[in-house]
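K.L.:
Here is what each chain is made of, one letter per residue.
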Amino acid sequence: MKSLVAVSCGILMWAACHLPAPSPPPDPGAELIEKGRNIFFNETFAGNGRTCGSCHPAENNLTIDPAFIASLPKDNPLFVAEFNPALKTNFENPRLMREFGLILENLDGFGDLANRFTMRGVPHTLGLRISVTSSDGPRTGWSGDGAPGDGSLRSFATGAVIQHFTKTLNRIPGVDFRLPTAEELDALEAFQLSLGRQNELVLPLQLRGTVAKRGQELFLSPTVGKCFRCHGNAGANVPNPIGGRSGNLNFNTGVENLPDQPQDLTGEPVPPDDGFGTPGDGTFNTPSLVEAADTGPFFHNNAIETIEGAVAFFNGASFNNSPAGRAVGGIILDGTQVVEIAAFLRVINVLENIRQSIELLKPVAQRTSSTEEKIRRSVGQAAQETQDGIRVLSGGGLHPQAVQHLEEALRLIRKAEHGFLFRSKQAEEAIQQHEKARAELVATS
Amino acid sequence: MIKHWTIIGLLGILLAVPTAGLAQKTTELFIPIGQSPGLSGKHTLIGKIAQVNAPDNTLTIADATGTYSVSIASGSRIYLDRSKAGLPNSQGALTDCNVGDPVEVKFVDNARSKPAEWIKVQKAR
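Quick note, the sequences are listed as chains A and B, same order.
According to this note's numbering, the first sequence is numbered sequentially starting from 1.
According to this note's numbering, the second sequence is numbered sequentially starting from 1001.
Next comes chain B alone, as it looks inside the complex (with noise of 0.2 Å):
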């Protein structure tokens, strides 16, 4: 008997979902800089790009308080965000990324040591 909770224990914990982000992650795409809901203001970093590290895919972002390293992952996401010149936002890359432009980055776990989740590039078009 003992042994059979064990195992249903054991299946419990494997069937329970990780805890890593239980935001829908799609429809950020579409949120201009600025308005990610409960994220903007309080966990994201907010600023302008002042270098694109190409070879080591970082990105160093400056604001108001100083610059930081924002180290992008495999499942890091860029994207563009167009709307301010209604334009539809879409899906970007790296190359995309140019110094001035505005940008949003989420960390990974809401941590600024970890590796961006997303990171909204503003574009004029």
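One chain only, chain A, in its complex shape (with noise of 0.2 Å):
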């Protein structure tokens, strides 16, 4: 009897130290980006069954690629234009979408759907609060007017609804969908604003790999690499005012003259993209290259498939004869230079994906995460963010022991996913081999 008391007292004992701590009294701003997350992932708005989601997935750094696409069930509502025979013609290219991950945009009106649209990927939402701010306005999407209204990013979903959710192609408004109210709009903003940076890096960095640092000297140099002059600390905005405009903006580096264009080839019809205004000057804005190593295809039109390629453009003759290109006096990398700014941005995107991963895993370690949820939800997000860096840098062939220590972590959140008993002592242990994989990358004071 004795004993079963004891082993009893100590049941509860042990319930009591693992048992998730009380919840924190609520947080507005909280309940606000949580708010907007549901309604980001679930909301249809009364439209063709596509939520925000849809195309920016949470497990896929809140993108699509051809790869993530080809793990979809033919009935999602991605390929709405599959199987709805209203939206079978001039609302997507069912075959550009699945090949390249391309979506169909009427950005210079809705007049002509058969010749008037373009063809683009889908920018991913990760450190918008540091990326769409300009001296002229927010800039959102590819080529800086994403967004109707006033053109921000609480407005941006008003568009997206018109554009991509709708049941036909008449998009009226209470008939083919519902336009967000004022206060999904706040929620949802409140949403994008909460994912991946908060803060710029500040470059340079006390990099440890040998290819990595010379990349970011390259990166930096104003007379080889140039790519600071529009990527201030790698990021999206410029980082000296340029003719008294600041922040994010908007240049034609020639993209879209890009010889052999991977849609172009497929023989589908695919016109020019004139980028901003309506008719277009041509401009592209500047995305932030923090996130760029996973998140490819790259550029508004997916023209190019992985980093060291994207890097590479800006040594050819489509950027060198552009306006931007003819602006910073032309770029000329060698191929090792090619590969090396390459990995400075791969081994960027890992410390990313690292620091994303201790901020996922802290609470569950910490075990104040309110609800069950949310700690699945954490565990499963920190598991992608690990094994994106395990891939971005095993595909760059940087620190392998890095590698190691990420695919242990991988190991332990894992466990920590599928368990409960000791999923705070996983997830602390991973976030120790976080620590240790990031210590491989960069020099901690």
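It is worth saying that the hints were derived from the structure and are not from the lab.
Warning: the hint list may mix true and false statements.
Claimed, not checked - Incomplete in silico selection of chain B near chain A, CB under 7 Å: (1) Gly1041; (2) Asp1096; (3) Val1099.
As the list claims (entries may be wrong) - Pairs of lysine to aspartate or glutamate residues, derived as EDC-like cross-links and limited to a Cα-Cα distance of at most 20 Å, are as follows: (4) Lys1042/B to Glu183/A; (5) Lys1123/B to Asp1056/B; (6) Lys362/A to Glu417/A; (7) Lys1025/B to Asp108/A; (8) Lys1025/B to Asp112/A.
Unchecked claim - Chain A regions said to be covered by chain B (calculated; three or more residues, Cβ under 8 Å): (9) 94–108; (10) 147–159.
Model, not experiment: these values are computed from the prediction.
Built from N, CA and C at the ideal position, the CB exists for glycine as well.
Assembling the complex is the task here: the two chains are given apart, and the hints tell you how they should meet.
P.N.:
Set out below in structure tokens:
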């Protein structure tokens, strides 16, 4: 009997130590973000079944690519043009969507759907807090003019619903979809601003890898790489005002002039993309590079698959003959330099993967997550980030020791994902592995 | 060297996009009167057409605060908002504007002294 009491007491004590801590008081900001998350991933706005998450899935860095698309079932609303007769023509191009991850946009108007459209990739929605602001106003989407109304991130969803969620090409509000309410727009904005980085990197970093370190030097060189001129701190903003303008700016870098663009090789009709404005001026806004290596393909038309190829673009005639290329006096990189800059971009991407993983795992390790659903979501996202880190480093043949640590972290996260008893300990150990991986990449003070 | 940087600076000025409106214009057609995010209720004029002055390309619009003359320039767009009738919205012209029609006007640069950037005219059919 005594031993039974002792065992019971032991179980109770263990449970007291391992049960989640009481929920913190409600945070209005966090509640709005949570509301926005729910809308982003679940709300169809009475349309064709798509949600914001159809093109910006959490499990694929909030973007889509051909590999992810290939993993989706045939009846996924992304493919609505394949099974909804009302959207069969002039809504999407299923071949270009499946082969290149391209989405159809009527950015120059809806008057001639058969001939006036552009085919664009889906930009991720990470780090928006530090990438959509400019002295001219907010820049959203690929060309800076992605949102109707006041052009803000808050207004973006209204245009997206009209373009992508409609049941028919009549696009009648209240019939083919409903528009987001003001409250929904507030929540969506709060959620989107919460995603990814909240602060800029501060370059240069004390990188440990020889190749990435040289890549950083080239990136910051005013005479060789010149990358920092538009990508201050490898982000989306110019480091110094240009012509009195600052923040995220538009440039014509000549991507549209690339020869042999994959989508053109298919023979499918792909009109030129004229970028900002109607009619366009050929400019596109500057994407952040910190998140680039695990969110390809690259550029507004997904023209280039690899990060090395994207760097090499700036070495070619299309860029060097473009207005932006001429403005910086051209860029000439040798093969080794292309790979070195790409290695730098891979490493800073992985540093961000690690930062996010640790941030996601901390509440699990400290048992401060409020609900089981949130814990599972955090652990699942941490696994995705860690996998990305492994893929990005391995893809460049970089830092094998860091890869080992990330693989061990992933093993622990998988255990935490499927278990309950030792979850906080596993999360804590995974964080330690992430920290070891980070120490392989960069000297930390 | 200084000359080189000056040229770069000047080209930079030419490259950067003018400050006029970064909003997407094309989906505005489908947004009913009063629902343009960030604009309606803040920067637009919502009222009824009191007078159509075709010869001088102006509309007189009345709201609760008074009447306003709205200039229609070559770049001004007129959208016919039929969403209340469950019909598709479409592009329109000054000839589609009738006295009594509910309207919403967005002015260039949100300045009422400037011409309309777009005018949404509500139609019952």
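K.L.:
Compare the structure with the hints numbered earlier in the document and write down the numbers of the violated ones, lowest to highest.
P.N.:
Hints 1, 2, 3 and 5 not satisfied by this model.
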